[in-house]
Amino acid sequence: MMQEDKPSPRADLWSGLAWIVLGLAIAWGGWTMDRLAYLNVSFYTIPGLVPMLLGFAIAFMGAVLLLRAVRAGALAPAATGGPVRLADHWRILTMLPLCLIFAVGLLGQGVVFWLAAALFIAAFVFIFEYQDRRAAGQRLRGAVVAVAYGVIVGLTIQYVFEDLFLLRLP
Amino acid sequence: MFDGLFAFGHAIAGMLSPMTILYALGATLIGLVIGALPGLTATMGVALMTTLTLKMTPNEAILVLICTYIGAIYGGSRSAILLNIPGTPASAASCLDGHALAKQGLAGRAMGIATSGSVVGTWIGMLCLALFTPVLGEMALKFGAYEFFWLAVFGVVISGNLTGTDPLKGWIAGFLGLFIAAIGQEGMYAYDRFTFGIHDLSGGIGLIPALVGAFGFAEVLTVMKDPPRKYIINTFDRVIPRIRDVLQYWRTVIRSGLIGTFMGIVPGVGEDVAAWSSYAAARRASKEKEKFGKGSVEGLMAAETGDNACIPGAVIPVLTLAVPGSAPAAVLLAAMLIHGVRPGPLIMIENPGFVYDVVAMMLIASFGILFYGLTLTKLLVKILLVPRTLIMPLIFVLCAVGAFAIASRMFDVYVMLGFGVIGFLLRLFNYPVAPLVLGIVLGDILDKNLRRGLVLSDGDLTPFITRPISAVMLAAILFIILMNVPPFRRRFDAASAAVKLRLRQLFGRTA
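Top line first, the protein sequences correspond to chains A and B. Read in order, the letters of the first sequence correspond to residues 13 to 182 in the working numbering. Read in order, the letters of the second sequence correspond to residues 1390 to 1900 in the working numbering.
Everything labelled a hint here was simulated from the structure, so no lab data went into it. Among the hints, a few may not be true.
As the list claims (entries may be wrong) - Only pairs whose alpha carbons sit at most 20 Å apart, straight line, appear in this in silico SDA-like list of lysine to any residue:
id, chain 1, residue 1, chain 2, residue 2
1, B, Lys-1614, A, Pro-109
2, B, Lys-1614, A, Leu-110
3, B, Lys-1444, A, Leu-176
4, A, Lys-18, B, Lys-1444
5, B, Lys-1444, A, Phe-177
6, B, Lys-1837, A, Trp-43
No experiment lies behind these values; they were computed from the predicted model shown.
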């Protein structure tokens, strides 16, 4: 199998802790869930039974992960770092808000679909090609290409989904 | 036997209309392009295409999705050979020998081997699908609540064990999926669980929006987080597959086809494990072990036969148990339900013709990849060079559209976004996503059947461990878990070595 970048023991420690908290929260949610006593429901069929068991299982596996991380040196002073350093990744920090603005701020908010898609795609292409375009002295050309590509793709998707396949678009 | 052949012939005849062939060719091409582009997976392709099939007839829709699925798994070999980047995870094994052949100036031959391996692999899997589905369907009729409960647990455990590099993380992802399936109205009393007063959550988390998020948006985030790489494409020779390659390695082809199909049948394991298992088995049995990894025709043939044979294999449990054998098969299962097809133990009674329709669809798709394998090489190379800054925003827009179009509600777009971020974080922390998906599919089966079983036995746990099929599945689950506990594994390895030695002594052979 392809080898992936392994997260550090410290990252596993934190994720183990997160699973314990989540698992216990799920188990608590299952335990406190209505047992439908007014319907004379048997304990074996109460709605919270399965979430309770799943919550305990997740918490247990989180604890095993945490213990394994501790044994691997997660608490050692040198065990810092790991794969999650989002501050170093301007790409992801730019992309997430861009996608959220499109999916939450534009779609379903009264903006016609092709225009929303064109705005998102043009912004995406312009931002992520900016460095290369600037280096090549083609900033204006980059903007024109981004806008043209966005409009063409937006209109094409609208045509294919709405007119060709008769589907509703947001 | 003859009933099956007759039904298959009927299915083929029913699909030979110009429109159906057009759909098949179009879907195979789309699948091929999706598979060839690094970062876009078969699961994402099938999930996005599900949207486009909503207004089609059930058979047309499933044909389109199967062609996309087969096209995507085959398409992954193109970037594996030409760029040394697997187009889909299923093609990772093909990189080793495929790209080595390309570096020797034999990229065309490598693509020909990939084409012939994929086609023959699909045929072997298809044959197994036609032969084993009725048998497994009959066996599935013996499944009661206890067996279905253990099947759900087994699926998550085996998927978690085989799909990632860390079984514990795979199991956590799988159990998270089981919990996600518990959100919304439960099936016995229509009681809202974990909905926090959000009306849209009452219907539960839609599988398609979740899959589009976990495999589409998460892929977009994963691909875009790193700076772009420059691709170098080697020149290539003729791409026409050679029959000689198949005939010369016929044992490898058949072995890989059977391994691939078996891996497909195992719930939630999928094409990448099938390809690696076939590759490893071919290497063990090969007379030319030293060539593996350096441009072995046999190695590439094994990997490509294995991953494509896995597709029909993954559809077998979909049809007989309503349990997917791989992540794209989970989408296929969801699409079948959307189109009113009810897969499960009763399919051979209620709708036996559908099984042979699926076999016919696989055959048509295999001809599709053969057609494109011979004709579209140069165009695909050009597609591989399209910058990802142009492809990824388009994919994200399609993810939003795909999530919305299933039920025409914005809530599903938000589910897609949520699962995209969850999928991205899981990958970042080395958690496999396939068990999560399988968990979401199996959650309802586990929930209903555990509670049904407990009611039937009045709280007695004995039937869960004493009924024959339940006992076998429980033993398998415990064995898989214990094999990941180092002291048990050491003892097991020592014991099995001692047994092997004893057997050799008994039969008078020396090591």
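Restraint status (C-alpha distance of Lys-1614 of chain B to Pro-109 of chain A at most 20 Å): Measuring from Cα to Cα gives roughly 13 Å; hence the hint holds.
For the pair we were handed, Lys-18 of chain A and Lys-1444 of chain B, check the Cα-Cα distance against 20 Å. violated, 44 Å
For Lys-1444 of chain B and Leu-176 of chain A, compute the direct alpha-carbon distance and say whether it is at most 20 Å. Since the Cα atoms of Lys-1444 of chain B and Leu-176 of chain A sit roughly 11 Å apart, the hinted pair holds (cutoff 20 Å).
Decide if the proposed pair is consistent with the structure: Lys-1837 of chain B and Trp-43 of chain A, CA atoms, cutoff 20 Å inclusive. holds, 18 Å
Holds or violated: Lys-1614 of chain B to Leu-110 of chain A, with C-alpha atoms at most 20 Å apart: holds, 14 Å
When you check the alpha-carbon spacing of Lys-1444 of chain B and Phe-177 of chain A, does it fall within 20 Å? OK: Lys-1444 of chain B and Phe-177 of chain A at ~7 Å, within 20 Å.
Consistency with the previously given hints fails for number 4 only.
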